[in-house]
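Visitor: Full structure from sequences and hints, please.
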Amino acid sequence: MMIRDPAHRRQTPAGGFSLPTRAGALKGSAPGPERGHSFKGANPIMLWMFLEIAFGLGLLYVGGEAMVRGAVALGRWLDLSPLVVGIIIIGFATSMPELVVSVQAVWQGLPEIATGNILGSNTANILLVLGATALVLPMHHQPRALPRDALPLLLSGGVFALLGLLYGLVHPVAGAVLFLALVGLLSHEFRRARRETRLSRELAEELAEEVEPHPLLGNPLLASLAALIGLGMLVYGGHLFVSGASAVAAALGVSHGLIGLTLVALGTSSPELASALVAARHGHSDVAYGNVVGSNLFNVLGVGGAAAMAGGLTYPDLMSVFDGPVMLAATVLMLAFFASSRGLTRTRGALFVGAYIAYIALRASFS
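3 is the number of the first residue of the sequence shown in this note's numbering; add one for each residue after it.
By construction, these hints were calculated from the structure, which means they are not laboratory data.
Take these hints with a grain of salt, some might be off.
[Stated by the list, open to error] Beta-carbon label-pair distances, calculated as ranges: (1) Phe52 with Arg194: 28 to 34 Å; (2) Ile231 with Leu187: 28 to 34 Å; (3) Gly292 with Leu157: 17 to 23 Å.
Note that CB positions come from ideal geometry on N, CA and C, so glycine has one too.
Guide: Structure representation (structure tokens):
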């Protein structure tokens with residue numbers, strides 16, 4: 003299978019290449035301001051772009067919620083065990099916005115947005131989500147979970163970063179291998195949860211019970227309809243979100259990769275941040291650790307694998323030599339902090355948040 007050209011590039015009169023996106027159409031008819039120019043006169047266009055992003059993000063969240071609740075209701079009607087509902091159905095469905103956005107980006111000829119979303123989301127999950135959570139309530143070390151989590155996190159993140167560093171792309175075949183690795187990891191987790199103590203089973207069952215379907219979804223037909231409508235909203239919301247982000251990149255004169263690393267990544271990571279802060283306020287800050295580990299693994303193996311299979315992922319030069327290593331360094335630092343007896347203290351949380359702000363500022367200065 004051939005890798006799709008990163009942006010279906012077309013020759014321009016000047017001999018360069020330009021992107022045939024909606025943003026490009028906007029740029030051709032009403033040029034966006036270059037850096038250092040005034041935004042006067044471009045405000046209505048910019049407002050429309052951000053409204054498109056906001057509406058797309060809203061559809062992603064509402065569609066994701068509908069799909070989760072419909073899928074859970076359907077799973078219960080099919081008499082699937084709470085373990086299956088808790089680990090597989092909810093775990094997969096709650097990560098659908100990230101997957102849909104990245105696949106849509108590849109289909110729209112903007113694979114660098116997908117790559118930026120994966121790298122940026124994982125970095126934001128560690129430095130911003132865990133850091134902000136620790137500022138609210140310090141997080142203890144994870145002596146039991148750490149050995150089990152460290153190897154998959156380091157291997158998946160290391161392979162993803164190395165592919166960018168060595169080849170500058172993730173071939174569809176490599177994407178299939180990543181996705182199969184996720185399937186194997188989920189199977190192993192499911193078998194482990196069945197073998198482990200009653201407490202592990204109760205945690206999975208508690209997760210399944212937290213997503214209480216609407217009474218109307220007791221009907222399997224309505225549950226299926228809710229899941230399908232949610233999926234449709236996800237697909238359309240992802241399309242709007244990527245189109246708006248691409249248009250903003252063109253109007254501001256910045257790369258699509260930077261938009262993926264910042265705007266798109268923060269948009270898709272905001273649910274993790276919100277849920278982590280809520281859990282911390284209720285005295286359960288350690289829940290954020292499990293959420294971040296699961297989300298980061300799914301981002302690389304599931305989202306990265308599916309997006310690569312959809313047409314191949316590409317790494318702009320700076321993304322392969324800077325953003326990939328930063329994501330990997332953040333992962334190593336997180337594991338080192340949780341391996342220590344102090345865990346993630348408020349001081350370390352402040353260090354994480356400060357490091358994220360510095361990373362974004364430095365990255366923006368490069369573009």
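Visitor: All the hints need checking, so say for each whether the structure fits it.
Guide: We went through each hint and held it up to the structure:
{"no.": "1", "hint": "Phe52 with Arg194: 28 to 34 Å", "result": "violated (44 Å)"}
{"no.": "2", "hint": "Ile231 with Leu187: 28 to 34 Å", "result": "holds (30 Å)"}
{"no.": "3", "hint": "Gly292 with Leu157: 17 to 23 Å", "result": "holds (19 Å)"}
Going through the hint list in order, the structure does not satisfy hint 1, though it satisfies all others.
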